[in-house]
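Trainee: As given, the protein sequences belong to chains A and P, one line each in that order.
For the first sequence, the positions run 1 to 317 when the working numbering is used.
For the second sequence, the positions run 318 to 516 when the working numbering is used.
Keep in mind that the hints were calculated from the coordinates and are not lab data.
There may be inaccurate statements among the hints.
Said to hold, decoys possible - Straight-line Cα separation of at most 35 Å, DSBU-like style, residue types lysine-lysine; simulated pairs: (1) K343(P) / K237(A); (2) K475(P) / K182(A); (3) K218(A) / K234(A); (4) K372(P) / K191(A); (5) K343(P) / K434(P); (6) K218(A) / K389(P); (7) K121(A) / K343(P); (8) K153(A) / K454(P); (9) K434(P) / K409(P); (10) K434(P) / K178(A); (11) K475(P) / K434(P); (12) K475(P) / K146(A); (13) K153(A) / K475(P); (14) K454(P) / K155(A); (15) K121(A) / K153(A); (16) K409(P) / K18(A); (17) K18(A) / K372(P); (18) K475(P) / K454(P); (19) K191(A) / K237(A); (20) K333(P) / K405(P); (21) K322(P) / K343(P); (22) K409(P) / K322(P); (23) K434(P) / K322(P); (24) K286(A) / K153(A); (25) K333(P) / K18(A); (26) K18(A) / K343(P); (27) K121(A) / K434(P); (28) K18(A) / K322(P); (29) K155(A) / K234(A); (30) K454(P) / K182(A); (31) K191(A) / K178(A); (32) K146(A) / K454(P); (33) K18(A) / K405(P); (34) K322(P) / K218(A); (35) K18(A) / K454(P); (36) K191(A) / K155(A); (37) K322(P) / K372(P).
In this text, all values refer to a predicted model and were calculated from it rather than measured experimentally.
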Amino acid sequence: MSVNNIVDKEVKPEYIDKIIVSHLGGNSSETDDMLLLEWISSSRENLNYFSEIKAVWYATGQYRTELQDKMKNAGTRPVGRRTLSRALYSLAAIALILSAAFLGFRTAGRNTVTVENVNSKTERVVLPDGTAIWLYEGSRLSYNEKRYDDRRKVKLSGEADLDVASNKLRPFVLTCPKITVKVLGTVFNVKDYPDRADAQTTLAEGAVELTLNRSSNKVSMREGQRVTYDQHTKDFKIEEVNTSRLSLRRLGIISLEDVTINDIVFRLQNEFGRHVYFTEPDVDLKKRYVFNYPENAGLEDIISLLEVVTSTEIEIE
Amino acid sequence: MDDRKLIERLRTGDRKAYGELYVRHKDACINYARLLVGSSPADDIVQDVFVNLWKTRSLILDVESVRPYLLKAVYNSSLNYLRGETSKNDFKNRYARQIQLLTAATYEPGANPLIDKLFVRDARASIDEAISLLPNKCGDIFRMSYISGMSHREIAEKLHLQISTVDNQIYKALRFIRSYIPREFFNSILIVALMDILG
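Chain P with its partners taken away, still in its complex shape (with noise of 0.2 Å):
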């Protein structure tokens, strides 16, 4: 069944579209959650968002898919957490806070094109293919990192290399995904991150 329906049901207070929207899209919410302030308080912020979607249920207007509306309010709230006081003691220092602010600011839904494809829209298959195009130790690296889920530090030890190249490997995986995924632009900034990361 489409969001479309579910929200249908949703608006007439059935909890099982509720909990079916629910599932389909927490994971998303909590990534996007956790890019905007970090693990602890991502999860609190995604579980306030569905209980106001749940409040709101009689508001909510006939579109698509609810997943931009549902980054829309935790962007906000995560915005809203981030400038108060309690977010305070979330960071190292004060220059993470400041750091994790201004980056903040600049992952609005629909604002950020980037952003849209990899939260909003499912971007796992360009980011598949990107993995596979990366050149062979960088992409048997990131494989290891991104699919076995090894710590940089077991990498290192496994293929007898520096922890600093592996972070490095990592690091260059992770430009290159980055100019692959938003292939509108790939004209200006494909062409350049790759001859980035080779150089």
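Next comes chain A alone, as it looks inside the complex (with noise of 0.2 Å):
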């Protein structure tokens, strides 16, 4: 059960992964099926793989099929976009009242609605229109309840990593202290310290116009890309890096780069506030990890999964 399981030796994965989808869609062709057979027939982790494909494959028709049945007798249009989203945005409404109970200040003066983190855990901010905002301690944000439908205007100071809701026609226009981002729905991380030189942008996914506040100097980024300007040479700095974390953000799950086991046990400590500690004596402390664990996971979960990336036995006091 690993990404493993989809790489063989002699079908190529992105192959076998085409004929997958051709094949639950009734378009393969004999050759096709036959590839499919001799990949699911060289291992159990395959066959599996495939089987529970399918079988989500036919679960998800199962519920298709209900809904259809149901939207025939009630007489209505099949549930298009427009329905779930106003969902979607009471939901969010529900869900920034409630991250109002988790940060340090939330000041809502005269519609102006202001979220400053102070704590070390990340926060996650909802706006009306289901934009999503990981505020990071010590940053602080702003915008208009009132006027937020008819422009998407934020203020930030700090950093926040940032998952846009789309909607060309009103661009995501946010304000830092020394840059602005306007976007068009997207995923990025802005990196703005008023007492800092440089200003950085990282961006995942989408499109992302910069502007230098006070000039007219505009940059375009692609995905992929990050880039740091700096306010003492006046420089952009262009660079390509990874930015799978702050994909795997938006997903829920938080990614810790090159790191190594002291590094999580001591974020978890702080997270938790609770004591964890290795078992047994010869843990290699200078070997660096990626772990990733889901953001609203529990301690003894994410102790267990740390405990098979890392292999160590690991415990809780």
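These two chains come separately, so use the hints to put the complex back together.
Mentor: As structure tokens, this is what we get:
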């Protein structure tokens, strides 16, 4: 049960994926079926993988039929994106209220909502259009609640990851101390602390346009790029970076990259306020890991995951 | 009324209770049978299973739900059907039939946690939850297919995409849902699968 289960020595993984898709859709050729049969016969993992995808395909089909029947009976049109997003709006509103409980400050004077994160833990804020913002420690954002639907303008000071709801008619404008980022719907990180000389934007998905405040200098960014602006040298630096952490964030996964087991344990102790320790004497403290865990997981679950990833026994006090 | 009471009544020959059980479980049985044998013979297999439920009603044990019992019966009849001569003409080619046989054997209720989640218990909430977690584009495409019932071609035309892109996004979504449903196993599967679909 791993990524490797779809990597086969003889058939290229991308090709197998294509075959599976066409097989499920009923469009596979005889050769496709032959290759698929060979592939699933070659290992138990391959067979299980394909079986499970197929089971999900049929199970979701089951609900699709139920839904369509219901709609036919009720004499309504199929539920489209519109109805769904309305439900999403109300969810977002609830999430916003809930998140307030965890935040250091949330003030709403004259329709301006201000959220400031004084915790060491990243806080998630959901705006009325479903845009999600993960606010880092010591960062602050504000927006006008009443006018947000017409003008998607948000002020940010500090660092945040953003997953912006797509709306081509109303671009999302993020104003920071030194730079302004205009967005059409995307996932990116921005770091612009007032007390630092550099301002940084990293783009995982979509397209953004970066403008220097009080200037007409513009940079259009591509996916996977990081642009750093230095206030002293007045220079832009563009580099290609790995943005999988940002994409994972959107799926509710926290990703720690290039960390030692001590870094992970330290972070978890801080986050959960409990003591975590190794029970084995020979732990490799120098080894570096990429460690991912669901943001809403409990400490016990995270620890058992960490035990698997690092092959180390870990206890919680 | 819960299944247990309906089964009690069924044992005494109550036709109304039988009808209620049929309405309650036939869809799950038919979809499960379709997974096992494909569309055409699924309805017949399920009809037979329900006829047998009536015939053997006095033998049914005191159980919480009749669903596992029905699925097991569907599983047995389906495998018998697939192994028999009549099923040969249902498939495009002999490989497709072999594939069907191999996968069907992995779907035994009680032995496969994913099947239990998807068909025995109601996985609707988990599926909806998984769909809500999909990345924007992938989620939109999957919802168009899943909720609005649009064909891949219609979605491709509407979004100005290649059909193969739509195929791939739907496949990504399926892979994600598959890894999301059996969350007891998320430790090993979810994370890896997430890396996988994003990779």
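Trainee: Would you check the hint for K343(P) and K237(A), treating anything up to 35 Å between C-alpha atoms as holding?
Mentor: violated (62 Å)
Trainee: Check whether the Cα positions of K121(A) and K153(A) lie no farther apart than 35 Å.
Mentor: holds (25 Å)
Trainee: Between K333(P) and K405(P), is the straight-line Cα distance small enough, at 35 Å or below?
Mentor: violated (38 Å)
Trainee: Verify the proposed pairing of K333(P) with K18(A), using a straight-line Cα cut of 35 Å.
Mentor: This hinted pair is violated, its Cα atoms lying about 48 Å apart.
Trainee: If you draw a straight line from the CA of K475(P) to the CA of K182(A), is it 35 Å or shorter?
Mentor: OK: K475(P) and K182(A) at ~26 Å, within 35 Å.
Trainee: For the pair we were handed, K372(P) and K191(A), check the Cα-Cα distance against 35 Å.
Mentor: violated (71 Å)
Trainee: Holds or violated: are the alpha carbons of K475(P) and K454(P) at most 35 Å from each other?
Mentor: Distance ~13 Å between K475(P) and K454(P) Cα, so the pair holds.
Trainee: Decide if the proposed pair is consistent with the structure: K18(A) and K372(P), CA atoms, cutoff 35 Å inclusive.
Mentor: Distance ~46 Å between K18(A) and K372(P) Cα, so the pair is violated.
Trainee: Take a quick look at whether K434(P) and K409(P) sit within 35 Å of each other, Cα to Cα.
Mentor: holds (30 Å)
Trainee: K343(P) and K434(P): Cα distance at most 35 Å?
Mentor: OK: K343(P) and K434(P) at ~17 Å, within 35 Å.
Trainee: Taken at face value, is the distance from the CA of K343(P) to the CA of K18(A) at most 35 Å?
Mentor: holds (33 Å)
Trainee: Please work out if K322(P) and K372(P) have their alpha carbons no farther apart than 35 Å.
Mentor: holds (18 Å)
Hints 1, 4, 6, 7, 10, 17, 20, 22, 24, 25, 28 and 34 from the list above are not met by this structure, while the remaining hints are.
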